[in-house]
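**Student:** Residue numbers (my numbering): 3 to 266.
No wet-lab data here; the hints were simulated from the structure.
Treat the hints loosely; a few may be bogus.
Unchecked claim - What follows is a set of in silico ranges between Cβ atoms, one per label pair, in the way DEER data are often shown: (1) Q157 with A126: 37 to 47 angstroms; (2) G98 with F211: 35 to 45 angstroms; (3) G210 with Q157: 17 to 27 angstroms.
In this text the structure is predicted, and so the values were computed from the model without any measurement.
Note that beta-carbon positions come from the ideal geometry of N, C-alpha and C, so glycine has one too.
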Amino acid sequence: MFAYEFMRTAFVAAFLAAFVCGPVGWFLVLRGQSFASHALSHVGFAGAGAALLWGQPALLGFGLSAVISGMGMGMASDRVIGRDVMIGLVLSLAMGIGALCLHFLTRSAGAATALLFGDILGIAPSSLYWLGALAIGCVVCLGVMSRPLLFASLQPDVAEAKGVNLRLLDVLFLALVGIATAMCSQITGVLLVFTLMVAPAAASLRLGFGPMPGMAVAFALALFEAWGGLCLSWLSDCPASFWIALLGSVVFAAANGVAHLRGR
3 MFAYEFMRTA FVAAFLAAFV CGPVGWFLVL RGQSFASHAL SHVGFAGAGA ALLWGQPALL
63 GFGLSAVISG MGMGMASDRV IGRDVMIGLV LSLAMGIGAL CLHFLTRSAG AATALLFGDI
123 LGIAPSSLYW LGALAIGCVV CLGVMSRPLL FASLQPDVAE AKGVNLRLLD VLFLALVGIA
183 TAMCSQITGV LLVFTLMVAP AAASLRLGFG PMPGMAVAFA LALFEAWGGL CLSWLSDCPA
243 SFWIALLGSV VFAAANGVAH LRGR
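All chains, please: the whole structure from these sequences, using the hints.
**Tutor:** Okay, structure coming up:
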């Protein structure tokens with residue numbers, strides 16, 4: 003299996019995605035913003051489709067649109083009446099724009115399909131440098147803001163009274179979520195990005211781990227799902243995204259069962 007370069011590239015890309023999705027997803031679930039990763043993946047799909055239509059890399063379009071949308075969601079915050087309705091309408095519009103781009107992408111049908119369902123085996127080795135830079139940048143930024151972000155997530159009123167800028171934190175964090183979503187989409191695709199971003203983090207929180215151990219466990223579970231999906235895909239005729247989604251569901255169900263036995 004490791005004799006092939008595309009498999010080695012896929013395993014490294016999966017590691018980088020899990021390295022980001024673990025800690026970012028942990029905060030995402032803790033803050034009750036799991037829907038944000040799903041929303042940003044749809045908006046990113048429209049941006050990626052537009053980028054392909056204009057002859058630009060899909061990851062560039064996905065990342066830019068996801069980051070800009072994440073910052074917009076952070077600035078809107080809860081002051082916007084019917085925020086969920088607004089996000090739902092934006093999702094519908096984004097998927098409509100993505101469908102329009104797919105209609106004109108007659109020469110990039112394979113790339114468009116990869117956007118939806120992922121194509122981890124088709125990641126170019128040269129893309130690892132960009133993914134690595136994004137992963138390191140995301141984790142460093144998250145480390146800088148982790149203390150105030152944790153404070154604002156657990157006790158927002160007290161944090162605001164202490165002078166923590168909740169709006170700025172929300173904007174910066176959702177921008178990081180946009181980058182992480184763009185990275186994760188390379189593996190699971192737009193339709194399954196929710197799995198690798200949220201399932202490991204939800205399982206870690208369900209087991210009751212603290213912040214640092216919880217993020218480490220979320221990373222380990224995300225890596226297990228991504229690498230396990232690759233191995234099972236190699237042994238079967240099913241795509242890796244299917245196995246990643248299945249493993250994510252199994253891991254969360256197991257964590258939920260353990261927590262239930264503990265009486266949580």
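**Student:** With reference to the structure, classify each hint as holding or not holding.
**Tutor:** Going through the hints against the structure:
| no. | hint | verdict |
| --- | --- | --- |
| 1 | Q157 with A126: 37 to 47 angstroms | holds (45 angstroms) |
| 2 | G98 with F211: 35 to 45 angstroms | holds (40 angstroms) |
| 3 | G210 with Q157: 17 to 27 angstroms | holds (19 angstroms) |
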